[in-house]
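Q: Listed below are the residues making up each chain.
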Amino acid sequence: MQMQCCPVSVPVKCCLVRTPSSSPSSRGGGTAVDSIPMIAAGGPKWAQKTITLPPLKRGCHLVTPKIVKEIGEDLSEFNCGLAHLFLQHTSASLTINENYDSDVRDDTETFLNTIVPEGTSAPWKHTLEGPDDMPAHIKSSMFGCTLMVPITNGKLNMGTWQGIWLCEHRDYPTARKVVVTLNGI
Amino acid sequence: MQMQCCPVSVPVKCCLVRTPSSSPSSRGGGTAVDSIPMIAAGGPKWAQKTITLPPLKRGCHLVTPKIVKEIGEDLSEFNCGLAHLFLQHTSASLTINENYDSDVRDDTETFLNTIVPEGTSAPWKHTLEGPDDMPAHIKSSMFGCTLMVPITNGKLNMGTWQGIWLCEHRDYPTARKVVVTLNGI
Amino acid sequence: MQMQCCPVSVPVKCCLVRTPSSSPSSRGGGTAVDSIPMIAAGGPKWAQKTITLPPLKRGCHLVTPKIVKEIGEDLSEFNCGLAHLFLQHTSASLTINENYDSDVRDDTETFLNTIVPEGTSAPWKHTLEGPDDMPAHIKSSMFGCTLMVPITNGKLNMGTWQGIWLCEHRDYPTARKVVVTLNGI
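Here the protein sequences come in this chain order: A, B and C. Note that the first sequence ends on residue 184 in numbering that gives the first Met the number 0; no numbers are left out. Note that the second sequence ends on residue 184 in numbering that gives the first Met the number 0; no numbers are left out. Note that the third sequence ends on residue 184 in numbering that gives the first Met the number 0; no numbers are left out.
Worth double-checking, as some hints may not be accurate.
[To be verified] Taking lysine-lysine pairs in the DSS-like style, the calculated list, with each CA pair at most 30 Å apart, reads:
| hint | chain 1 | residue 1 | chain 2 | residue 2 |
| --- | --- | --- | --- | --- |
| 1 | C | K68 | B | K154 |
| 2 | A | K56 | B | K124 |
| 3 | B | K56 | B | K68 |
[Said to hold, decoys possible] One side of the interface only, derived from the structure: several residues of chain C facing chain B at Cβ under 7 Å:
| hint | residue |
| --- | --- |
| 4 | Q47 |
| 5 | H83 |
| 6 | H88 |
| 7 | T89 |
| 8 | Y99 |
| 9 | S101 |
| 10 | H125 |
| 11 | S140 |
| 12 | T145 |
| 13 | Y171 |
| 14 | V178 |
[Said to hold, decoys possible] Derived Cβ-Cβ restraints for the label pairs, each shown as a range:
| hint | chain 1 | residue 1 | chain 2 | residue 2 | range |
| --- | --- | --- | --- | --- | --- |
| 15 | A | E72 | C | S101 | 28 to 36 Å |
| 16 | C | K68 | A | G71 | 34 to 42 Å |
| 17 | A | K56 | C | Y99 | 31 to 39 Å |
| 18 | A | E72 | C | E128 | 48 to 56 Å |
| 19 | B | S75 | C | P122 | 23 to 31 Å |
| 20 | B | P122 | C | K68 | 42 to 50 Å |
Quick caveat, the hints were computed from the structure, so don't treat them as lab data. C-beta: ideal position from N, C-alpha, C; glycine also.
For reference, chain A alone in the conformation it holds in the complex:
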């Protein structure tokens, strides 16, 4: 079962051919191909901008709508590609998780606070910037500051229940910058 790879040096218009799945059953054992987008290219495109997310209180926040509002018009230009998000900070993080029940975000914040000691019992040497600073750095590396999401038919191709979270690990809310880079055809 083969994807169609297309050299883009030929300046034809982009087109997207979606073939019906030849493996309708994706359950019950063998690995199955669920859908086979085949893509003929017109030329690769790049776009990049820095967006600023407003200050958010400590905790996990669903920011998909904010991000899509900023880049949605650009996304619509891409039939197939990748969207890269890069948070330019070391005391917050980006992750993808459940987009519906805010309890999931609260529980994740509870987990992070349980797993990373804070305050007088914590063993940190780096304390000059406050008791929440060193834990924030650790949480930032646990979840990471960078995400890559596929683009399909002009939209972020995430699962039904997936959303982009900004996790703010500092007590004092700060605006956070995200460099968004789009690449595709």
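Got chain A; can you put chains B and C on it based on the hints?
A: Below, chains B and C alone, put in the same frame as chain A:
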């Protein structure tokens, strides 16, 4: 020591020139270049498809063979590029780790279960979908749902001992979708 | 507010137009665009090489200077793009975190050693390669072996306080290979 970057608007055939390392010693102190692929391009290509991994029991599973079986033919079209894997779920994860001893995968599952409380002692608010659901969300953000692997000479350029793992964090096995995007020359 | 996406099939010289921000205020509530690089493309470029980082002792190390020394000349050829780093090992990790105070790196190592049991009290089955081996695998999946950083105006576009860390999780220092892939215009 310089990589050769090649505009791809010239529709020449791809070629890959591998020069011998000029720094044969990669040990003992200074940063050394181990190999220097220099790549002349014929034109960038994009390919994307969604593959479905069969239901797997809770735990960590080596899925490199399954994935390569699905995308290997497409991979072979790329001399140089990147392969992006995106798991469309929030209760499983993708990670790269040891590909040989299944004990490593078992021990990693043990670790995850130790670090993320589950059951009556757990502090979670989000419990409607069962005791394993909230822990699954947390583990998904710890390991992540997205991977990017370099492509070199038509193959995933992982280290000798590296493999792609699907970590299933739910008790009830479910088929899992992975959007694979290939980009390169 | 729109990014300019540019088909690269037209073989014109790259150019970068930076417009002044039309949303000077990035605080106080609404999502704001901080800067809007608009990019006109001349043609996409790919470059890839494997660099070897020298053996480093167990712990977290700032390696931005070492990496930029290896790829800086190549980076300068890209106005806009992405730099991918891929560590070919399963007992070390790459992460982005604070680039100034070495205490942050020491504290992060302390955290990792606290969170992942090692020695006689540890529940691991995989012990053949020494007591530090299984913990090293787990830490590798916690922080990950792959990073993607935006390139803007010929440089890695990280935040002021961000740096690239190599975290060595084994007791015995080993040279570590990183496959670097650059893609952009």
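Q: State the violated hints by number, sorted upward, taking the hints as numbered earlier in the document.
A: Going through the list in order, the structure violates hints 8, 9, 13, 15, 17 and 19 and respects the others.
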